[in-house]
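Chain by chain, the residues:
There are 4 protein chains.
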Amino acid sequence: MADSLSIGILGAGRIGKIHAENIARFIPQASLKGVVDSNLNAEQERWAKGLGAGIVSRDPRDIFDNPAIQGVLICSSTDTHAALTIAAAEAGKHIFCEKPIDLTVPRVKAAINAAAKAGVKLQIGFNRRFDHNFRRIREYTLAGEIGEVQIVRISSRDPAPPAPAYAAVSGGIFIDMMIHDFDMARFQAGSEITEVYAIGAALIDPAIGRAGDVDTALVTLKFANGALGVIDNSRKAVYGYDQRVEVFGSRGAAQAENDLPNTVKLSNAGGVTGEKPLYFFLERYKNAFIAEMNAFVEAVLQDKPVPVSGEDGLEDLYAALAATKSLKEKRPVRIDAVRD
Amino acid sequence: MADSLSIGILGAGRIGKIHAENIARFIPQASLKGVVDSNLNAEQERWAKGLGAGIVSRDPRDIFDNPAIQGVLICSSTDTHAALTIAAAEAGKHIFCEKPIDLTVPRVKAAINAAAKAGVKLQIGFNRRFDHNFRRIREYTLAGEIGEVQIVRISSRDPAPPAPAYAAVSGGIFIDMMIHDFDMARFQAGSEITEVYAIGAALIDPAIGRAGDVDTALVTLKFANGALGVIDNSRKAVYGYDQRVEVFGSRGAAQAENDLPNTVKLSNAGGVTGEKPLYFFLERYKNAFIAEMNAFVEAVLQDKPVPVSGEDGLEDLYAALAATKSLKEKRPVRIDAVRD
Amino acid sequence: MADSLSIGILGAGRIGKIHAENIARFIPQASLKGVVDSNLNAEQERWAKGLGAGIVSRDPRDIFDNPAIQGVLICSSTDTHAALTIAAAEAGKHIFCEKPIDLTVPRVKAAINAAAKAGVKLQIGFNRRFDHNFRRIREYTLAGEIGEVQIVRISSRDPAPPAPAYAAVSGGIFIDMMIHDFDMARFQAGSEITEVYAIGAALIDPAIGRAGDVDTALVTLKFANGALGVIDNSRKAVYGYDQRVEVFGSRGAAQAENDLPNTVKLSNAGGVTGEKPLYFFLERYKNAFIAEMNAFVEAVLQDKPVPVSGEDGLEDLYAALAATKSLKEKRPVRIDAVRD
Amino acid sequence: MADSLSIGILGAGRIGKIHAENIARFIPQASLKGVVDSNLNAEQERWAKGLGAGIVSRDPRDIFDNPAIQGVLICSSTDTHAALTIAAAEAGKHIFCEKPIDLTVPRVKAAINAAAKAGVKLQIGFNRRFDHNFRRIREYTLAGEIGEVQIVRISSRDPAPPAPAYAAVSGGIFIDMMIHDFDMARFQAGSEITEVYAIGAALIDPAIGRAGDVDTALVTLKFANGALGVIDNSRKAVYGYDQRVEVFGSRGAAQAENDLPNTVKLSNAGGVTGEKPLYFFLERYKNAFIAEMNAFVEAVLQDKPVPVSGEDGLEDLYAALAATKSLKEKRPVRIDAVRD
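Chains as they are written, first to last, in this note's numbering: chain D, 167 to 506; chain S, 167 to 506; chain W, 167 to 506; chain L, 167 to 506.
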């Protein structure tokens with residue numbers, strides 16, 4: 167295979183732009199050939215051409231039908247992910263699809279199957295696995311420094327809630343937000359989740375509660391390897407994006423604290439004050455987005471397994487669906503119960 | 167009332183000795199008058215006399231019948247707490263009783279009622295409320311710095327497990343160990359626990375599992391004020407006594423890290439290494455034991471409410487019993503279900 | 167003036183490459199037009215063309231004589247800086263010159279005068295002023311949070327010493343290494359250095375001592391505004407690049423700690439271990455190199471003063487020469503004594 | 167020798183009281199027999215008797231002439247230290263003398279000689295050597311973790327300046343305040359100071375300057391073993407007592423940060439804020455005062471060398487005198503120059 171991967175991007179919104187610019191700047195082994203967005207505007211067109219994309223259009227077929235393009239990035243709205251994944255697979259393209267593949271299990275399975283049938287790579291955009299901090303914890307575990315994992319503890323809090331209306335379309339806090347943490351939990355435990363129990367409340371914005379969702383949630387996890395886990399989510403941490411992971415085991419524990427914009431501490435009569443965490447995911451996971459794209463390109467070029475597979479995305483969705491069910495039914499829910 | 171409180175101690179084991187020495191050294195407003203232990207040996211006798219105790223015997227009545235003694239500290243084995251509390255109350259003594267009052271609700275209630283009827287103070291030995299770190303968090307909350315409490319997160323891990331046989335008599339991890347954390351959770355939330363859900367496993371020592379207990383546990387909490395909580399316990403953290411609390415709310419979050427024996431960091435080719443946490447509760451809560459005794463003495467001398475009441479002890483027991491039940495029945499359990 | 171600055175780079179060594187790639191990737195308002203290196207090899211040529219440079223040659227005149235090029239970056243060896251700066255000024259190019267301009271005062275003055283006469287910008291490459299940590303301290307000072315600066319304290323230690331032979335050509339530790347810290351001290355104090363006193367020794371490598379230099383040095387500073395300062399340098403910190411600054415004043419103090427590759431702490435029986443600092447200047451000052459280049463481009467495009475002027479470079483050189491003299495003569499040396 | 171040391175204290179001011187109470191509470195191997203203060207008032211008398219002192223008077227001879235007393239603590243004003251040390255030595259008492267022994271070399275030598283001639287122990291009250299943090303650094307050095315010591319860096323800043331009038335009697339900042347740091351520097355370097363250079367200014371209070379002293383000072387040190395050192399002092403750190411030490415060597419570096427009253431960090435929209443350092447020496451060195459007294463008692467009872475000798479006190483005074491001279495004469499001063 168060529169030593170450079172030609173890529174087309176579907177969706178020129180916030181996340182699509184990040185990937186496009188990362189490919190143009192930081193991934194020497196990939197080149198951006200096309201940008202497609204069904205609502206492409208003049209600004210996006212200018213931007214895409216400025217990055218050197220030869221194909222700039224509103225029609226995905228311009229990508230799919232172009233034999234020079236080997237990989238596609240699906241960065242459009244969630245409801246289009248499954249169909250585009252299937253179409254891309256049928257076109258023989260390797261696929262990087264933003265999370266989640268879909269909000270429903272059958273469509274996720276259909277997308278996975280399409281990729282498998284076509285023999286193309288399918289990587290899902292769980293970027294946090296590529297975070298320098300969380301990756302370091304995993305390395306400690308793999309190196310045996312933690313011993314057997316016994317407890318995984320994740321705090322994941324956003325700086326500001328989305329509009330309440332968003333809850334309706336997003337699938338709710340577990341599918342929209344905590345799905346990242348389910349993926350992190352599985353990654354750190356090195357094992358599948360077997361059961362979840364969820365509690366939650368609308369403590370930040372009653373409108374979120376009226377929309378049928380919660381904005382504050384705690385979920386306990388059981389893993390197949392016997393480990394236990396807990397995730398807490400809040401839609402609003404006034405001090406910024408709070409992203410911490412701890413893995414505790416028989417030989418030690420590893421803890422990742424937040425990243426800060428600088429290390430300065432100001433000491434005065436009021437105390438010793440340091441910076442708040444980096445504001446939100448664009449700042450915090452800036453390098454993780456690059457690393458995940460590098461990993462995708464490398465998996466394709468060297469024909470290696472992708473680091474986050476469609477099956478991973480499916481397992482994460484199961485956990486999110488089980489948590490949603492647990493919250494509603496006020497009881498623990500086994501993953502098998504949503505898997506079937 | 168006199169400006170000094172005359173105290174007799176029942177039980178000259180580890181915790182009794184700590185309180186006796188603290189009174190002798192650090193509590194100018196109290197004086198140690200008597201030490202009673204049903205198995206008093208020569209070494210204990212010498213020690214007690216060295217501290218200036220005039221009454222040194224094996225018979226609690228030597229304390230109860232002495233009109234010069236105003237307060238008693240019940241530091242004997244748990245199975246004697248309730249009966250001694252009742253006897254002390256009937257003798258008109260103010261009572262400081264180590265936790266737990268008893269493993270059964272009726273006996274706890276009987277002890278509380280006896281104290282109430284006699285009009286004496288009854289304080290329970292939940293020493294962690296007096297810890298400098300956890301107290302500071304509570305002060306922030308009371309000062310409005312946290313806003314409305316939304317999440318309480320507690321990690322509480324021992325450096326080494328007790329003998330498996332201990333599980334049988336201790337009542338298990340929730341009653342023996344996590345009861346401290348239930349008390350801390352209620353203290354920090356400023357609200358009662360209404361429901362718990364527990365998961366756990368014997369990951370450290372299979373013998374603990376065979377004895378019907380777990381050594382690793384995660385419990386989620388719902389509070390009456392709407393806040394959520396989570397506690398994790400492990401019987402064995404190889405790096406020492408891990409005691410951390412975090413309170414997250416609408417205006418901010420406060421986090422207490424472990425205490426260390428010194429602040430030194432060694433930087434070398436292997437990294438930057440600091441000390442492990444203080445080894446265990448004797449080291450970590452050294453000053454908290456003094457502070458709780460001061461609070462008891464002050465409550466009696468100034469006729470103020472005790473900071474940790476018999477009712478607190480009862481609520482903590484409810485939470486522990488509910489967690490025990492939850493673990494066994496694999497479902498969330500409302501506190502009301504064990505209260506009745 | 168155009169809204170994009172056309173740049174030519176003289177010198178395609180390590181630092182030249184960094185600037186070239188930063189311009190190509192991160193500075194949208196600048197474009198890399200040419201790369202010249204007197205020893206240009208095939209690899210460099212390929213690299214330069216890959217970045218889009220139209221002019222790739224061994225002759226600086228290809229840059230100087232090209233009217234389309236507005237700014238030049240002088241990244242060649244130190245002994246060529248002054249002559250190239252003068253030639254660039256005479257060609258009417260704005261100049262970014264790596265530090266130091268020269269090791270001798272007259273040539274530095276000649277370069278500064280040439281730029282002044284030609285009316286072009288001259289910025290010197292003291293990249294640390296653009297570091298996120300040190301800049302934050304300065305912001306605190308400018309915001310009044312520090313009050314009047316009383317003490318500036320800088321630790322600056324390299325991970326590994328240069329070859330002893332380097333000492334001969336570099337001018338020694340004060341001119342080669344501590345000059346950065348003199349610049350930082352002036353930046354943080356907001357005042358000129360008036361006197362220095364230096365002590366030093368060859369504690370790491372006797373060969374450095376035999377070459378007439380020291381590898382460990384401490385210099386105290388007096389500033390015109392009354393503040394005091396101290397800088398320590400070591401050529402070899404086994405734990406990596408140690409770059410810390412502290413500013414202490416009448417209203418508070420600000421302290422910058424090292425940057426780490428991640429925030430993870432591993433707790434085990436041996437203690438709690440975090441990462442070493444980022445290895446060396448390429449890692450630590452990665453973003454500072456971009457920020458200084460942005461500042462240069464902005465100064466030219468918007469006709470604003472450069473943030474680090476030729477006069478700054480001259481003052482830093484005075485301090486380094488005075489420290490060299492102080493070490494040799496074992497007495498404090500006033501800056502005026504080397505200025506005249 | 168007996169397994170308990172009978173002690174008399176001369177001087178019932180602040181520091182005398184601390185030692186008296188520590189002996190009464192924490193040093194089981196010592197007993198407080200007498201308290202003498204030339205200005206003894208009723209409150210002090212009550213306090214001394216409350217601690218069990220049998221001899222409470224205004225006449226040191228009541229201590230010196232009492233054959234039951236083996237050790238004396240000299241805690242009176244500095245101008246009486248030497249004469250009392252000599253009198254105590256002649257009376258055959260072991261001596262713990264607060265720092266400094268005297269402000270003049272001949273009197274210090276006379277006191278040391280008197281103790282040597284009498285064959286009694288003489289320990290000087292440089293309490294910081296017993297601080298848990300600084301001791302830990304020294305342990306790392308002795309264990310070889312630092313390798314050869316190359317740089318010793320000490321920051322030592324008080325929370326509030328003394329009255330300007332104090333400067334006249336105290337001997338100035340180097341003798342009154344930095345003498346502690348000279349002792350720490352020698353302790354950490356494991357070597358004698360051979361030369362100092364001092365700069366300083368009255369930046370906090372002009373009245374201190376008018377009294378002929380400085381309130382902000384920086385002193386560089388050369389040690390006999392080749393290491394370099396630097397100490398900074400300020401009479402006023404608005405954030406409290408700043409006491410930090412760093413030892414840097416060929417194999418690593420150890421750094422002690424300040425002690426804090428608790429570990430809590432408050433995160434909110436303004437940043438992440440922790441506590442200021444413990445306020446002043448009574449809080450910070452509380453345990454160090456106990457440890458130094460334990461060491462004195464142990465040295466006497468077990469006939470071991472004292473950990474801080476009269477010769478140490480003399481060397482520290484030499485450094486302080488040399489720094490005073492350096493500041494005045496604006497040049498480096500060798501210790502030998504003040505030693506002769």
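Worth double-checking, as some hints may not be accurate.
Treat identical chains as interchangeable: a pair holds within one or across any two.
Capping the alpha-carbon separation at 30 Å, the derived lysine-lysine pairs in DSS-like fashion look like this [what the hints assert, rightly or not]: (1) LYS183 x LYS215; (2) LYS283 x LYS215; (3) LYS402 x LYS494; (4) LYS215 x LYS275; (5) LYS183 x LYS452; (6) LYS470 x LYS491; (7) LYS491 x LYS183.
No lab work stands behind these hints: they were computed from the structure.
Now the hints, each set against the structure:
In this assembly of identical chains, LYS183 and LYS215 lie within 30 Å of each other by CA distance both inside one copy and across copies; the values are 12 Å within and 26 Å between. Proximity of LYS283 to LYS215 under the C-alpha cut-off of 30 Å is found in neither arrangement, the shortest distances being 34 Å within a copy and 42 Å between copies. For the homomeric pair LYS402 and LYS494, the shortest alpha-carbon distance inside one copy (22 Å) is at most 30 Å, but the shortest distance between copies (35 Å) is not. Within a single copy, LYS215 and LYS275 get their C-alpha atoms no closer than 35 Å, and across copies no closer than 46 Å, so neither meets the 30 Å cut-off.
Both within a single protomer and between protomers do LYS183 and LYS452 lie at most 30 Å apart by alpha-carbon distance, with minima of 12 Å and 23 Å respectively. When the C-alpha separation of LYS470 and LYS491 is checked against a cutoff of 30 Å, the pair qualifies neither within a copy, at 36 Å, nor between copies, at 48 Å. When the C-alpha separation of LYS491 and LYS183 is checked against a cutoff of 30 Å, the pair qualifies neither within a copy, at 35 Å, nor between copies, at 52 Å.
The structure fails hints 2, 4, 6 and 7 (numbered hints given earlier, in ascending order).
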